[in-house]
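Here the protein sequences come in this chain order: A and B.
When the letters of the first sequence are read in order and numbered with the numbering used here, they come out as residues 1 to 351.
When the letters of the second sequence are read in order and numbered with the numbering used here, they come out as residues 1 to 283.
None of these hints come from the bench; they were simulated from the model.
Be aware that one or more of the hints could be misleading.
Unchecked claim - Straight line, CA to CA, 30 Å or less: simulated DSSO-like cross-link-like pairs of lysine-lysine:
1. A:LYS65 with B:LYS108
2. A:LYS130 with B:LYS272
3. A:LYS101 with B:LYS59
Stated by the list, open to error - Pairwise CB distance ranges, derived in the manner of DEER restraints:
4. B:PRO133 with A:ALA111: 37 to 47 Å
5. B:LEU195 with A:GLN171: 32 to 42 Å
6. A:GLU119 with B:MET124: 52 to 62 Å
7. B:TYR217 with A:GLY136: 16 to 26 Å
8. B:THR279 with A:GLU23: 49 to 59 Å
9. B:GLN271 with A:LYS130: 20 to 30 Å
10. A:LYS178 with B:GLN166: 42 to 52 Å
11. A:ASP151 with B:VAL129: 53 to 63 Å
12. A:GLU17 with B:GLN166: 53 to 63 Å
13. A:LYS181 with B:LEU195: 51 to 61 Å
14. B:GLN166 with A:SER25: 50 to 60 Å
Since the structure is predicted, the reported quantities are computational estimates derived from the model, not experimental observations.
Every residue, glycine too, gets a C-beta built ideally from N, C-alpha and C.
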Amino acid sequence: MANINLVNLTKSYDNTEVLHHIEGSIADGEFIVIVGPSGCGKSTLLRMIAGLETVTSGEVFIGDKMVNDVEPAHRDIAMVFQNYALYPHMSVEQNMAYGLKIRGLPKDEIAKRVREAAEILEITEYLSRKPRQLSGGQRQRVAMGRAIVRDPQVFLFDEPLSNLDAKLRVQMRLEIRKLQKRLGVTSIYVTHDQVEAMTLGDRLMVLNAGYVEQFGTPVELYQCPETVFVAGFIGSPSMNFLSVTVADGVLTLENGATVAFSNGHSGTALLGVRPESLIANPDGAVRLKVEMVEQLGANTLVHGHLEGTGTEMVASLPGIETVESGTVLRFDAPQEALHLFDAATQKRLET
Amino acid sequence: MVERRPFIVFLTHFILVVGVVAIALPIWITFVAASHSEIRMTQVPLPLWPGDQLWVNFKNTLFGNGLEGTETAPVWLMLTNSLVMAMMISIGKIAISLLSAFAIVYFKFPFRMGIFWLIFITLMLPVEVRILPTFEVVAQLGMLNSYWGLTIPLIASATATFMFRQVFLTIPDEMLESARIDGAGPMRFFWDILLPLSRTNIAALFVILFIYGWNQYLWPLLITTDQDMTTIVISIKQMLEVAEASPQWNIVMMVALLAMLPPILVVIGMQKLFVQGLTETDK
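Whole structure, please, built from the sequences with the hints as guidance.
Following this line, the structure appears as structure tokens:
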């Protein structure tokens with residue numbers, strides 16, 4: 001078990017910086033999810049922690065040891081890859097035992113560890129099979145088993161569920177979470193799927209274009225996003241953004257509607273409000289002209305524009321609602337559900 | 001090609017039958033000739049059905065001197081020479097090209113691509129082109145009339161290096177990374193992961209190279225003057241050049257049959273792997 005510290009970590013390829021001054025400290029036993037759109041550098045960051053990519057500047061600590069120049073094998077980590085990277089010519093058992101064999105563990109110790117891991121993951125009956133004889137979910141388990149038998153200080157997951165179908169993904173997600181809690185091993189998990197991130201992580205590190213946008217618990221990220229990017233990235237459907245002018249405790253929307261809002265700021269800003277925070281109210285200030293309706297069963301998504309402007313908006317109504325396109329719905333939102341961002345810096349304007 | 005018109009069926013079968021006859025007839029004649037006595041082979045018309053001398057010819061050829069009244073090496077020795085040469089060439093080629101492809105694909109070193117192209121360019125320089133300088137080098141090294149002289153100049157292989165490079169490139173990078181995390185060093189990765197994954201390709205290449213080595217004619221002809229180092233392919237030619245007599249066709253044909261046998265055995269033995277190696281893409 002170990003804590004991990006990332007100190008001013010930077011990565012460049014041919015003088016192009018792709019990761020900028022990443023800072024973060026991860027406590028022992030924590031489950032951290034690094035999340036962001038594709039190309040944001042999240043896999044690169046994980047691979048730097050694993051030792052598969054060199055560190056351009058800054059330091060990676062695992063435990064109390066600076067591991068910048070330590071070979072992956074000696075970092076006491078285990079990694080689960082997106083395509084599993086199982087050795088196709090070895091049986092499941094040999095796949096799991098390979099790392100231990102190289103480390104020179106005695107045969108009966110290897111057999112014991114493999115058997116234990118196989119029991120935890122319920123793959124005992126497949127031990128003698130080859131990876132190609134297994135389904136995607138089973139291969140995923142074997143890949144996890146290979147990580148578990150090493151008994152490492154840190155688990156690293158690189159989008160391990162993205163090759164599975166939706167149902168299996170949800171199931172494996174829960175299993176990974178339970179397994180991590182049971183083993184108590186510090187884990188870092190990379191994904192582009194914000195639902196996966198929200199459900200798995202103790203804390204989330206949101207990366208965008210090589211910068212850490214925010215590092216916090218899922219609830220913090222949802223309730224108090226620090227930047228426009230985090231606000232739009234976390235939550236589905238994503239947050240609505242409306243340009244507003246703030247003056248004397250009143251927000252003026254583009255179409256002239258006003259909302260009372262006590263905040264010390266004044267001038268133009270960006271108002272963020274989640275679709276599920278919009279509450280239908282016949283006297284509401286926000287007027288939404290409906291264009292399209294999505295029935296999801298548990299709720300109804302109403303897509304449209306802020307009346308009189310081109311600003312797109314989505315509202316989420318509870319239950320099944322029938323709404324004709326072209327009608328105008330009026331909404332209100334409680335003040336605590338309104339997020340104000342600086343239009344220029346995209347940063348949150350604190351109340 | 002799922003059309004089933006009678007004419008097409010007839011045509012395709014006709015072409016196939018003609019092809020089979022064209023290949024099989026000479027082999028049949030060889031076999032028939034090898035089963036008659038020397039006297040019978042000088043009489044016209046030549047026999048078209050096997051005689052009763054097959055076993056006698058076989059014994060005389062393999063353990064005698066081949067031709068009666070000559071000083072040539074026994075045929076079993078020539079077969080051994082050919083076998084050793086073909087094995088050394090194919091194993092040597094495979095070993096060297098595996099290692100060079102491994103270096104080119106998995107290691108970063110200065111002029112890596114330059115070296116790759118240098119190897120690739122040697123494709124344009126087969127033995128026939130560089131025969132004089134190569135002979136000179138082998139002679140200077142004192143390797144005339146030895147297995148080393150027979151095989152070493154033929155071992156370096158750009159084709160095989162290129163093929164293994166392509167095979168290695170299809171193996172996902174994660175395999176290497178996974179092995180690195182498991183603690184496997186470069187040679188360990190090579191032995192434990194790369195070699196087993198290229199098994200079928202190695203087998204396919206072995207078949208091709210064995211036949212290439214076995215059929216070598218020009219180079220062994222130059223490099224071996226000692227009768228004890230002659231290869232079987234050369235000896236067939238030599239047996240036909242008898243002064244003031246007609247060739248002993250029954251013996252010559254028996255030698256030809258024997259010379260055909262090892263490549264056939266290799267092909268049959270490795271058929272399954274051979275086909276897999278040339279067609280399989282799943283890694």
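- Message: So, against the hints stated earlier in the document, which numbers end up violated here?
- Response: 3, 4, 7, 12, 13, 14
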